Amino acid sequence: MPKVLKEKILRSEALARSIYRMTVESEYISQTARPGQFVNLKCSDGIEPVLRRPISICRVNREQKTFELVFQVRGRGTELLSRKKAGDSVDILGPLGNPFEISAHYKKIAVVGGGIGIFPLLFILDEYGKHREDNLKAFDLSAFIGFRDKDSIVLKDEFEKACDTCRISTEDGSAGCRGFVTGLLEEELSRKHYDIIYTCGPTAMMKKVAETAGLYKVPCQVSLEQRMGCGIGACLVCACKTKYGDGWEYSHVCKDGPVFWCDRVIFDEQVEDFG
Amino acid sequence: MKGIDLKVSIGALKLKNPVIAASGTFGFGREYSEFIDLNRLGGISVKGLTLAPRQGNKPPRIAETPAGILNSVGLQNPGVHAFLRDELPFLKQYNTAVIANIAGNTIEEYCEMAELLSASDIDAVELNVSCPNVKQGGVSFGNTAAGVSEIVGRVRPCCKKTMIVKLTPNVTDIKEIAAAAEASGADAISLINTLLGMAIDIHRRKPVLANNTGGLSGPAVKPVALRMVYEAANTVKIPVIGMGGITCGEDAVEFLLAGASAVMVGTANFTNPHACMDVLKGIENYLKMYNNHCIYDIIGKLVVNQ
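Same order as they appear, the protein sequences are chains V and P. Per this note's numbering, the first sequence starts with residue 1, numbered consecutively. Per this note's numbering, the second sequence starts with residue 1, numbered consecutively.
In case anyone wonders, no lab produced these hints; they're calculated from the structure. From a predicted model like this one, the values you see are computed outputs, not experimental measurements. Do not rely on the hints blindly, as some may be mistaken.
As the list claims (entries may be wrong) - Quick look at which bits of chain V chain P covers, simulated, 3 or more residues with Cβ under 8 angstroms:
#1 172–180
#2 191–202
#3 238–247
Claimed, not checked - Below are the SDA-like pairs computed for lysine to any residue, each with C-alpha atoms no more than 25 angstroms apart in a straight line:
#4 Lys3/V <-> Gln93/P
#5 Lys255/V <-> Asn272/P
#6 Lys58/P <-> Glu269/V
#7 Lys207/V <-> Gln55/P
#8 Lys6/V <-> Asn272/P
#9 Lys281/P <-> Leu5/V
#10 Lys241/V <-> Asp86/P
#11 Lys58/P <-> Glu211/V
#12 Lys255/V <-> Asn285/P
#13 Lys217/V <-> Lys150/V
#14 Lys243/V <-> Arg85/P
#15 Lys6/V <-> Asn285/P
#16 Lys241/V <-> Asn211/P
#17 Lys92/P <-> Glu211/V
Where a beta carbon is used, it is the ideal one built from N, C-alpha and C, also for glycine.
Extracted from the complex, chain P is given alone in its bound form (with noise of 0.2 angstroms):
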């Protein structure tokens, strides 16, 4: 876009645009680069990763709720050693960040799979410290500020890559969760992950889901991604990365304005394998509408009422 600076940086990594596709909703990238030019994104999180395959949960692993929808996967991966074979290949073919969101069992998994991804090609780590899905999924980590603390400050030195922590909101007090993360060595954060949740199908008294609990994504989320965004944000000096039902550009500039450097899309791609492109587009008519040259025009701008 002539004469709109859309960079943003996450730490040393610099980003086209703040636009990112959400880790979990968007694969490894194949299946939507037949809709959207990859080369567009700011970046892509891949599908969560763990050191093994992982087969994930029994199905239904997704309900669907007022605007939202829980789902319940349990990090079905093909591990992170054929990611690097099979899948970083054909994302490097593209001129976009790849971040490489990992869980793991121990802190040595997480610990391990920071020092292979160090070596590859990947340009940034997602600590995923708070999948709710699976027993061993980072959210033990993840729920405690002393949690967070051990694992980041663990996982720091063996991770040579820009490493965003992600939060998980099913917490009592976010700023203290992200205040440890940025004590420890993340060089940003990314939140929010899904809210723990649940759906009954009453004339068969079950949850819907298998796995009896999931995590609440998509539209109906956004209030409380926006304000968990804005707490971290006014908390941590280090870049935020905001994500929570955003389906088009005004949703991405309330996480903006409210101060997160960056924006995750995910649940709306579901729904609009455009959804992405159309965010970004969203942004940069609002920069435009406000004669705004640059995002960072907009980011952390969010006045607050005394």
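Chain V extracted, bound-state conformation (with noise of 0.2 angstroms):
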């Protein structure tokens, strides 16, 4: 059950240009939140800006109570939000929205990430890695990140160290493949099986996963963006196309999602680049 939460920030560190780290202590979120969900933040005291920011997750820590946000500014909001300090509080309103399934019935695993959609996935690879240590070679995990060029490269060793295998693509080929993430996956699907995929980032790159992972046949979730107010499925703003019988219906990113099974969405009206 999602709460609102005055919380202390430990860290906050510039990662790359504009991408932004935020460890927060959180007893609360720390213990309840799983991969794919995510918290809405208040950016000011005052009444300006008057929306939350919502953010998703990158990964937890139980044992220190703590939890980290990766962000990228985009607007006065998350400008705002990279300013906070050590030692400032912040007001979360979380953990939020439903996660991805993550079960143990599931052995090859890969995560397909594009640009700032990378930082949830982390926190599914930690997610297995856990089991991973009571099972050793019981789970296959494999990243598939893409980024536009070498500097924006973010996380790196991070992924690396939480996975078994992990490739990087950028576009201008400045480091890793040249090209995109997806060229990577398709690569991969077609010389050797996933139980499941997990994909997040540009929408044209997450239906590009979708396709792909229904032409091998390998279940596939995806986690949707759209611009949001209330964050927990009262004001109806962040609707996204899903099918429903023949037809289809406007469903809820925040409530409804933001983790579908792909073969629920329909990508036409997904609209990228939120400010």
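Mind docking these for me? Both chains are given alone in their own frames, and the hints should help you get the complex.
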């Protein structure tokens, strides 16, 4: 159940140009949050900006009772969040949304992410990694992460540590494979079977991942994004098209998602680039 | 609260206190029941209902603006029948007034919904003649005095419940609209609905909202709302429910002083799920501070400059 919490920021650091990581002390979030869930953060103490900012949980540390958020500064709200310092408090609503389905039933796992969509995927790898310690070699974890160029690569070490195989692509070829991360996935699926694919990133990327997964009959979960209001399912603004019977309906990213099985999602109205 | 009488009357409807959750911001109460005790609310005005279910508008449906938000949800709702079947029983577990906000394509639809709801357990109907986001959201009735007279006059005989008419601020003279609602049989009026607005993404050279325009709400609209509530309250004798940008008790007190018998809290719920409770506590603190024992000690007690 989500709660409104006032928590202490332990660390705030820039990871790359306009990308920040905030480490927050929170007994409640660290113990209850699951991969794919998000928190809605208040950016200031005043009435401006009016809306909270939804940010995916990147990872939790249950022992130390902390969690990490990684976000990109895109507008005034995230700019204010990036200026918060260790010792400041932050008003958090969460954890929110439906998590990815994590199951010991899946053994060969692939996460596919692009740009700032990669962050929640780390939490998935951590969850499976935890099981892996109990039962060595039970899981095979692969990560495919794509960036614009060498300078926008973040959390590479963290991803490499959290999985067995980590492959990186950049659009300009300045690091890893040149091209889109979907190319890496297609290549991989043509020679190796996966039990499940989890993906988060730009809509065009997720759509392609979903199509590729469908082609190879691999179950796939996507994490969607949409401009949000309340974050709890009351205001109904974060609509996304999903299949319903023979037709479609508007579901809501905050409450019905953000994670959906990819065969439920109709991508035609998903728009990108939220300010 | 010991010693302080917060009860207000909206026509025949008695509310335990003047704080109501505003339509469209509170769903059917379920989501907020995880954060606040719904029993402590004066009332809940539910998400706008239509006769048939509606999918609503294309996303994006929200844009943030200075001290406000623009929305164009477009009345996404499961329809009045599903509301009565699936949502009302949940709400009736709580000791709070349930106000059914309704919008129609035609007067006949408003009448049909009013009849259905009159036979149910709801406490009041809020006639939405002011939704700016759909072509047939009632705004075509709500923006002229003649339109308001016609729809209120025709729905009145079908509605056995307390009938509140929710007015749009997108008019030249709110006083004549308020007077038309009163003369045609409204038990109360509520205002303001959202102000029609727009936000533009200069990099794409396109409106932020898929619907191009939307309704502005939040602290940005409060001064406009307050002026309109003041004008309406000084025009009609029926109770006025004030809303527009209320985030705290002090904001609510401004509306009460201006003549509102109750207030609705809307956009503030998005930022602060406890907003309604904070507003209620703030009103109580204000009354205590001035040693007032009854909410009516402040309603309409504004002293204007001559």
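Can you give the numbers of the hints that this structure goes against, from lowest to highest?
-> Of the numbered hints, 1, 2, 12, 13, 17 do not hold.
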